[in-house]
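Number of protein chains: 2
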Amino acid sequence: MTEHTSKQYDAELESLRTRVLQMGGLVENQIVSAIEGLGAPDTNIFKEVIRREQEVNQIELEIDELCNHILARRQPAAVDLRSVIVAIKMIRDLERIGDEAEKVARMGMMIADAGKHFVPKVDLHRIASNAIAMLRKVLDSYARVNAVSAAEVVKADIEVDDEFKAILRQLITFMMEDPRTISRSIEILFIAKAIERIGDHSKNMSEHVVYMVKGRDVRHQGPDVVAQEASGN
Amino acid sequence: MTEHTSKQYDAELESLRTRVLQMGGLVENQIVSAIEGLGAPDTNIFKEVIRREQEVNQIELEIDELCNHILARRQPAAVDLRSVIVAIKMIRDLERIGDEAEKVARMGMMIADAGKHFVPKVDLHRIASNAIAMLRKVLDSYARVNAVSAAEVVKADIEVDDEFKAILRQLITFMMEDPRTISRSIEILFIAKAIERIGDHSKNMSEHVVYMVKGRDVRHQGPDVVAQEASGN
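So the sequences go chain by chain: V and L. Using the UniProt record's numbering, the first residue of the first sequence is number 1, and each one after it goes up by one. Using the UniProt record's numbering, the first residue of the second sequence is number 1, and each one after it goes up by one.
Be a bit skeptical, because a hint or two may be false.
Since the list gives no way to pick one copy over another, a pair counts as held whenever it fits inside one copy or between any two copies.
What the hints assert, rightly or not - Derived lysine-lysine pairs resembling DSSO-like cross-links, with alpha carbons at most 27 Å apart:
| # | residue 1 | residue 2 |
| --- | --- | --- |
| 1 | LYS137 | LYS193 |
| 2 | LYS165 | LYS116 |
| 3 | LYS7 | LYS193 |
| 4 | LYS193 | LYS103 |
Because the hints were derived from the structure by calculation, they are not lab data.
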């Protein structure tokens, strides 16, 4: 390989990283906006989230093409191959997070359109900020190629799952006490579920980051095993 | 490349296809069993589904390793490269379908444990058989390298989504009429949602099959466009 080719190849790998992070930033904005919309006086934020969903999809296709290009032309090996494989997997999770943000926006629109009557007072703020923190942290771990920090995201998912269960119990209580809240409660349940899914996808991505850095596949294992693998040599 | 190497390479690609189909068969059994369990007199089927979930996860990891091996050693190009990339993506969807089957089994266990009081009479049979039909068809399209048949799966997803919406409306009616059914209704809602997700994953896989056969990325487009691309040259 000539030095020129190698430089181009490096530039392609660097551009892949940059684009994944760019997509991550966009998706993070989407979910932050969708959650913000839940407390907003009008539905403009939701409309913007729904509109930008197309953009997320488009970027996913472009990055996928870049990965195919690198695989076909550069025949990457070792850590470079892992980076490309991880990029392919991460952008699928990011795209799904984008989908979940869109779902939150659509549910938010439905609740707003139906009027604010019978909306059970459920605090989604904590679960949302925890899920968003997971997403930020995994993107940061990816940017800094840091497996230890990625492994912490796997652990954080337990809390988000517990928060979802607590919200579910709360909603069931509201529905039993006042059946007029049932429709709105189900919509809020779907919003909480979408947020919980963002935690799941962030967890998936953190497992990919550990694989990229350490070359070990840590899926389907407990957070403790993941942490151990991430800090080992 | 010597003929010997090429034969080994062919055997690896063939083995990859076989293993993806094997995983598909296992996952199909999982969801069929989980649905069967909903009408069974005891919870043994559910326990079996939950136990076998580990197996699905294990096969996913093995196939992923095989893909990495082929990418690193064989440096596949054109249709071979597409087959490997598609395998990487398909097994993720298959693993998720396995997760959904496990969720159905766990919800089924909860309903059975709580006793059959206040279980709303909702017919899940139709949505389940449609989602399973989608899964079977996409696996068959993959086995026969048939893009046209895969594209039909994309279309079938619309019906499954509509069936889910109908079940949701029905459940809300039950809950409003008799609030004692609320907890059980939510569990059935999660089961219906899991089945609907199986439709989504089957749709994803069918888009991958079209890409494998035609080399065109048809995600995020309507079923008509997909059908057109699948039948074009």
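Within, between, both or neither, where LYS165 and LYS116 count as close if Cα-Cα is 27 Å or less: Both. Shortest intra-copy (24 Å) and inter-copy (23 Å) distances satisfy the 27 Å Cα cut-off.
Alpha-carbon proximity context of LYS193 and LYS103, limit 27 Å: both (10 Å within a copy, 14 Å between copies)
Within, between, both or neither: LYS7, LYS193 at alpha-carbon 27 Å: neither (45 Å within a copy, 48 Å between copies)
Copy assignment of LYS137 with LYS193, given that the CA separation must stay at most 27 Å: Only inside one copy: LYS137 and LYS193 sit 20 Å apart there, 29 Å across copies, limit 27 Å.
In summary, the structure is inconsistent with hint 3 from the numbered list given earlier, while agreeing with all the others.
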